[in-house]
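The whole structure should be built from the sequences, with the hints applied where relevant.
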Amino acid sequence: GAVVSQHPSRVICKSGTSVKIECRSLDFQATTMFWYRQFPKKSLMLMATSNEGSKATYEQGVEKDKFLINHASLTLSTLTVTSAHPEDSSFYICSASGHNYGYTFGSGTRLTVV
Amino acid sequence: KQEVTQIPAALSVPEGENLVLNCSFTDSAIYNLQWFRQDPGKGLTSLLLIQSSQREQTSGRLNASLDKSSGRSTLYIAASQPGDSATYLCAGSSGAGSYQLTFGKGTKLSVIP
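Residue numbers (the working numbering), protein chains in the order written: chain V, 180 to 293; chain W, 2 to 114.
Calculated directly from the structure, the hints in this document are not laboratory data. Bear in mind that the values here come from a model prediction, so they are computed numbers and not experimental data.
Simulated pairs of lysine-lysine, BS3-like, Cα-Cα distance not exceeding 25 Å:
#: 1; chain 1: V; residue 1: Lys243; chain 2: V; residue 2: Lys221
#: 2; chain 1: V; residue 1: Lys199; chain 2: V; residue 2: Lys234
#: 3; chain 1: V; residue 1: Lys199; chain 2: V; residue 2: Lys245
#: 4; chain 1: W; residue 1: Lys2; chain 2: V; residue 2: Lys234
#: 5; chain 1: V; residue 1: Lys193; chain 2: V; residue 2: Lys243
#: 6; chain 1: W; residue 1: Lys106; chain 2: V; residue 2: Lys221
#: 7; chain 1: W; residue 1: Lys43; chain 2: V; residue 2: Lys221
#: 8; chain 1: W; residue 1: Lys2; chain 2: W; residue 2: Lys106
#: 9; chain 1: V; residue 1: Lys221; chain 2: W; residue 2: Lys2
#: 10; chain 1: W; residue 1: Lys109; chain 2: W; residue 2: Lys43
#: 11; chain 1: V; residue 1: Lys245; chain 2: V; residue 2: Lys234
#: 12; chain 1: W; residue 1: Lys69; chain 2: W; residue 2: Lys106
#: 13; chain 1: V; residue 1: Lys221; chain 2: V; residue 2: Lys199
#: 14; chain 1: W; residue 1: Lys2; chain 2: V; residue 2: Lys243
#: 15; chain 1: V; residue 1: Lys193; chain 2: V; residue 2: Lys245
#: 16; chain 1: V; residue 1: Lys245; chain 2: V; residue 2: Lys221
#: 17; chain 1: W; residue 1: Lys106; chain 2: W; residue 2: Lys43
#: 18; chain 1: W; residue 1: Lys69; chain 2: W; residue 2: Lys2
#: 19; chain 1: W; residue 1: Lys109; chain 2: V; residue 2: Lys221
#: 20; chain 1: V; residue 1: Lys193; chain 2: W; residue 2: Lys43
#: 21; chain 1: W; residue 1: Lys43; chain 2: V; residue 2: Lys199
#: 22; chain 1: V; residue 1: Lys199; chain 2: V; residue 2: Lys243
DEER-style ranges, computed between Cβ atoms:
#: 23; chain 1: V; residue 1: Lys221; chain 2: W; residue 2: Asp68; range: 25 to 31 Å
#: 24; chain 1: W; residue 1: Ser13; chain 2: V; residue 2: Glu266; range: 30 to 36 Å
#: 25; chain 1: V; residue 1: Lys234; chain 2: W; residue 2: Glu18; range: 45 to 51 Å
#: 26; chain 1: W; residue 1: Ile8; chain 2: V; residue 2: Arg289; range: 25 to 31 Å
#: 27; chain 1: W; residue 1: Glu16; chain 2: V; residue 2: Gly232; range: 46 to 52 Å
Covered stretches of chain W, going by a simulated chain V footprint (3 or more residues, C-beta under 8 Å):
#: 28; segment: 36-44
#: 29; segment: 104-111
For each residue, glycine too, the CB sits at the ideal point set by N, CA and C.
Written as C-alpha cells, this is what we have:
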C-alpha cells in the first residue's frame with residue numbers, strides 16, 4: 180500500500196532557530212502533498228497545498244515566509260518553520276494523495292519550541 | 002465552505018459492545034469521505050475510504066456508510082476491543098479535482114476492558 184514517511188517524529192528547538200520537516204512518498208509519486216497542523220483537542224487544519232515544481236498554495240492566515248514549503252520532486256516535500264517561536268509548537272502532519280484518491284498520512288512531527 | 006462535525010466528542014463503552022460514530026457535513030457535493038484513526042501523538046491511519054459513487058465500505062469489524070443527501074456518514078465498529086481506543090476522525094473532500102480534506106474534530110473512543 181501507499182506509504183508516506185515523515186521525519187523527524189519529534190524535534191525540540193530553541194526560539195529563533197529554523198526547523199525542517201521532510202515528507203516522502205515511498206512507493207508512489209505524489210504531485211500534490213498537503214501540510215496540516217493540529218493543536219491539542221482541535222481538528223487538523225490545512226496549512227498549505229504543495230505542488231511539485233511550483234509554489235505552494237497557503238491557506239488564509241498562514242504566513243508564507245514563516246512556513247516555507249518546497250516540493251522539488253514527486254516524492255519529497257519539505258516544510259521549514261523559520262525563526263520558530265513557542266506559539267509554533269504543535270503537531271505537524273503531511274499527507275499525499277495516492278492513485279485511488281485516498282489520502283496517506285505521515286506519522287507526524289511533534290515540534291516543541293523552547 | 003465544507004464544515005465537518007463529529008458527535009460525540011468522546012465516547013466510552015465496555016469491551017464487546019457495538020458502537021456507531023457519527024459524522025455530518027454541510028456540503029452535499031462532497032466527493033470522497035474518509036475515516037481515520039489517530040493514536041495519541043501519532044499520525045493518522047486511514048481506515049475506510051468511501052468514494053463519491055459508493056454508499057458504504059467494510060473492512061473487518063468496521064463499516065462506514067455515506068448518505069450524501071442527508072449529509073451524514075457513520076462508522077460502525079462491531080465487538081469493540083480495548084485496542085480500538087483512539088480518536089477517530091472523518092474527513093471529506095469536495096470536488097473531483099480537489100485533494101483538500103476538511104476534518105472533523107474527532108471522537109475520542111475509550112473501550113473499557
